[in-house]
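Going down the list, the protein sequences come from chains S and H.
Note that the UniProt record's numbering has the first sequence beginning at 1, numbered continuously upward.
Note that the UniProt record's numbering has the second sequence beginning at 1, numbered continuously upward.
The set of hints was computed from the structure by calculation and includes no laboratory data.
Bear in mind the structure is a predicted one, so any value in this text is a computation, not a measurement.
Just so you know, not all the hints are guaranteed correct.
As the list makes no split between identical chains, a pair holds if one copy fits it or if it spans any two.
What the hints assert, rightly or not - Straight-line distance between alpha carbons at most 16 angstroms, and here's what the computed EDC-like set of lysine to aspartate or glutamate pairs gives: (1) Lys-129 to Asp-157; (2) Lys-279 to Glu-46; (3) Lys-180 to Asp-130; (4) Lys-25 to Asp-234; (5) Lys-279 to Glu-43; (6) Lys-16 to Asp-281.
There are 2 protein chains.
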Amino acid sequence: MVSPELVTSASNTTLKRLRSLSQKKYRRAENLFLAEGLRIVTEATEAGWTPRILVFATAHRDHPLVRRLVQLTLHAGGRALETTPDILSTLSGKDNPQSVLAAFEPRPLSLADLDPHSAPRWLVAQSLKDPGNLGTMLRTCDATGAGALILLDDSADPLSVEAIRASMGAYFTVPCLTTKWPDFLTWLRHTPPAPRSGERGVEDNAKRQRRLAQRAGVGASPPSSPTLIGAALDPRARPYTHTPYPAPSFILMGNEQAGLPADYRDACDYLAAMPMLGKADSLNVAIAAAVLLYQALAVQS
Amino acid sequence: MVSPELVTSASNTTLKRLRSLSQKKYRRAENLFLAEGLRIVTEATEAGWTPRILVFATAHRDHPLVRRLVQLTLHAGGRALETTPDILSTLSGKDNPQSVLAAFEPRPLSLADLDPHSAPRWLVAQSLKDPGNLGTMLRTCDATGAGALILLDDSADPLSVEAIRASMGAYFTVPCLTTKWPDFLTWLRHTPPAPRSGERGVEDNAKRQRRLAQRAGVGASPPSSPTLIGAALDPRARPYTHTPYPAPSFILMGNEQAGLPADYRDACDYLAAMPMLGKADSLNVAIAAAVLLYQALAVQS
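Start from the sequences, fold in the hints, and give me the full structure.
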């Protein structure tokens with residue numbers, strides 16, 4: 001039946017399933033995640049995503065964007081549920097009720113799907129804990145044209161309601177994946193430069209250190225070799241305004257509390273420090289990432 | 001009695017008072033606001049603030065920093081309450097229990113207390129709604145050496161638990177006040193430049209428009225006349241990297257949803273736009289403010 005289903009009970013089985021998606025284990029089991037709000041769900045569809053399940057409030061069923069979402073969802077074999085604002089609000093963690101909520105299937109993405117030479121800037125975050133920071137960083141990646149947000153180690157889940165909400169829809173436009181540090185490094189250092197110039201071996205650490213020591217600044221390195229830039233208050237760090245950002249540059253942020261571990265810093269081509277003029281010795285990680293991404297964008301433009 | 005009081009009941013009258021401080025009306029009535037966590041409360045005391053009421057968990061009473069806080073509080077005539085972690089957690093909105101929580105008296109601050117020439121950069125936010133953004137902006141003001149965060153119109157309360165928490169203690173180091181747009185403009189435009197060169201009249205709007213039209217770039221204006229720079233995607237805006245930031249520069253951010261109203265834009269000396277390369281047409285307001293403040297810092301350094 002290609003028409004919306006009317007749901008009048010908050011204990012409806014499908015609604016229960018959708019409610020369970022606030023927990024990571026159910027997101028995995030159901031292979032679904034939630035996005036709230038007409039604007040975000042519409043932006044998702046504009047970016048080529050289609051809801052598997054769409055829920056909308058009766059009062060909004062004649063809204064042109066809601067009608068379009070219903071048609072899209074049903075046409076692609078998904079389900080559209082019409083319900084009351086009260087029942088809809090039981091699905092949302094947000095105070096202000098939404099007119100629309102949708103469950104999407106995640107798209108598995110791995111490093112092998114990404115070409116480091118396909119974008120001039122990238123964002124990498126290690127053990128990022130706060131889903132709000134994660135979503136904000138996705139939004140900044142979108143604005144600065146970053147190739148992806150690569151999450152390392154035990155970072156927050158980008159599919160959580162909080163992360164999707166904070167991303168304001170940028171999850172649907174910015175590639176995002178979670179991987180481990182050794183796998184990321186291997187991918188970064190093994191990927192041949194573009195245009196491809198044949199097989200390229202992995203540098204051993206000593207050789208790389210010598211090469212880096214010879215680097216004077218922008219352009220001193222082969223322009224298309226990926227550059228890893230760690231954000232760190234470190235004696236070896238240079239001011240972020242004096243750091244080169246050759247394309248492609250990978251900006252690496254450490255965990256909110258602990259910053260970048262020593263071995264992660266050691267593996268970076270450059271360490272970049274931001275001025276801290278105040279009494280506090282730290283910045284919000286999403287703030288620091290944005291300042292560095294915008295600096296890279298300004299230098300590369 | 002100059003020693004901590006032991007509190008064993010969650011319904012203790014003082015604890016009830018402290019709990020009520022999650023609401024703005026009780027913060028006003030009690031003339032108190034809450035800060036959570038040993039780190040933030042310690043930073044507050046280092047910045048010259050003393051708790052009126054300090055609550056700490058028994059398990060932490062021998063911690064040197066906690067003992068110091070207790071002494072400071074009692075010595076200044078405040079109260080120190082020792083209690084259980086469970087009771088302490090009833091005071092906090094945070095998931096992870098804190099060892100310490102303190103109530104401070106706000107310090108009323110008005111524009112008359114601020115000298116626009118006392119700092120090269122300032123942050124102004126209009127109708128800022130999210131306390132998390134507010135706290136993050138305070139933290140960025142601290143890091144970039146901004147003179148104050150000036151909140152316009154119906155902005156969020158900087159004394160809310162969420163704002164203080166997101167500021168990570170920066171509330172105690174960065175002057176913050178709430179005022180109205182006309183009062184702010186009068187203060188900004190009437191304040192004589194430093195060094196003082198006698199009485200200075202208010203420009204009428206037409207005169208100011210002519211002067212602004214003549215401005216070619218950095219240095220074209222008297223260096224010490226406050227410059228108001230609005231963040232806006234506006235046809236008149238120039239790229240933020242090509243905007244001058246003469247000291248003192250006031251960076252003006254609009255509301256999270258609506259941006260800067262037209263008349264606020266019209267009153268700015270410059271409008272600054274940030275590149276938006278993605279599908280979304282907006283950035284998180286705290287992110288945008290940080291990129292502009294760091295740009296001002298870089299240009300002014």
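Hint-by-hint comparison with the structure:
For the identical chains of this complex, Lys-129 and Asp-157 are intra-copy neighbours only, at 9 angstroms inside a copy versus 26 angstroms across copies, given an alpha-carbon limit of 16 angstroms. Taking identical chains as interchangeable, the C-alpha atoms of Lys-279 and Glu-46 lie at most 16 angstroms apart only when they sit on different chains, with a minimum of 9 angstroms there against 44 angstroms within one chain. When the C-alpha separation of Lys-180 and Asp-130 is checked against a cutoff of 16 angstroms, the pair qualifies neither within a copy, at 18 angstroms, nor between copies, at 34 angstroms. For a Cα distance limit of 16 angstroms, the shortest separation of Lys-25 from Asp-234 qualifies neither inside one copy, at 38 angstroms, nor across copies, at 45 angstroms.
Taking the shortest alpha-carbon separations for Lys-279 and Glu-43, only the inter-copy value of 8 angstroms comes in at or below 16 angstroms, while the best intra-copy value is 41 angstroms. Taking CA atoms no more than 16 angstroms apart as the test, Lys-16 paired with Asp-281 passes in neither setting, with 45 angstroms inside one copy and 34 angstroms between copies.
In summary, the structure is inconsistent with hints 3, 4 and 6 from the numbered list given earlier, while agreeing with the others.
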